[in-house]
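In this text, residue positions in the sequence shown follow my numbering: the first is 680, and each later residue adds one.
Treat each hint with caution, since some may be false.
As the list claims (entries may be wrong) - DSS-like cross-link-like pairs, simulated, lysine-lysine; straight-line CA separation at most 25 Å:
| id | residue 1 | residue 2 |
| --- | --- | --- |
| 1 | 772 | 782 |
| 2 | 742 | 752 |
| 3 | 752 | 772 |
| 4 | 752 | 775 |
| 5 | 772 | 727 |
| 6 | 752 | 837 |
| 7 | 727 | 782 |
| 8 | 681 | 742 |
Keep in mind the hints are simulated off the structure, nothing from the lab.
Please read all numbers here as calculations on a predicted model, not as lab measurements.
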Amino acid sequence: MKSLFIAIRASILLMLVCGLLYPLLTTGIAQVLFPFQAQGSLVEDNGKVEGSVLLAQDFTSPKLFHPRASAAKYDPTASAATNAAVASPDYVKGIKETVDAVKKENPALQDNIPADLVTTSGSGFDPHLSPEAAKAQVPRIAKATGLSEHVLLSLIDKHTKGRQLGIFGEPRVNVLELNRDLLAQSK
């Protein structure tokens, strides 16, 4: 009987620590040290939320940069990758379909298509593209917006972030931030 009471007390203590104290502590620390990130890294315009710099959005207008493909169809409640092996016939078929779609939307881009334009990320929500993938879309956007390719390339350069701490990851461009700046240039 004594063991039962010890087990119940230990369970209650662990529930309080793990289910209440730890979440409150980590949330409080995040709110103090990283308030922008703790609130979802939301981007607002005149008080209206336009998106999060941490989640890809499905930009489809020919006047905007398109993000990488999403296995979850950009639904934030369904984060997923394809989980298909690269040798899988379904995976190969999906990549071929995506390549065809990218070529159709970007007629100037027929060879050397950057991989991140035709493959999904592990989460399905990667908000970044490689600078090469962004630059590959420049002819389409220049034609659709009337902006010069030089202006568009300058925007990409402006929004290109290097490796984290100089060694981790690859250079990247946040598509939401780039498109917001592009829309501001178009006005």
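Here's how the hints hold up against the structure:
no.: 1; hint: 772 with 782; verdict: holds, 15 Å
no.: 2; hint: 742 with 752; verdict: holds, 20 Å
no.: 3; hint: 752 with 772; verdict: holds, 17 Å
no.: 4; hint: 752 with 775; verdict: holds, 18 Å
no.: 5; hint: 772 with 727; verdict: violated, 39 Å
no.: 6; hint: 752 with 837; verdict: violated, 28 Å
no.: 7; hint: 727 with 782; verdict: violated, 34 Å
no.: 8; hint: 681 with 742; verdict: violated, 71 Å
Consistency with the previously given hints fails for numbers 5, 6, 7 and 8, ordered from lowest to highest.
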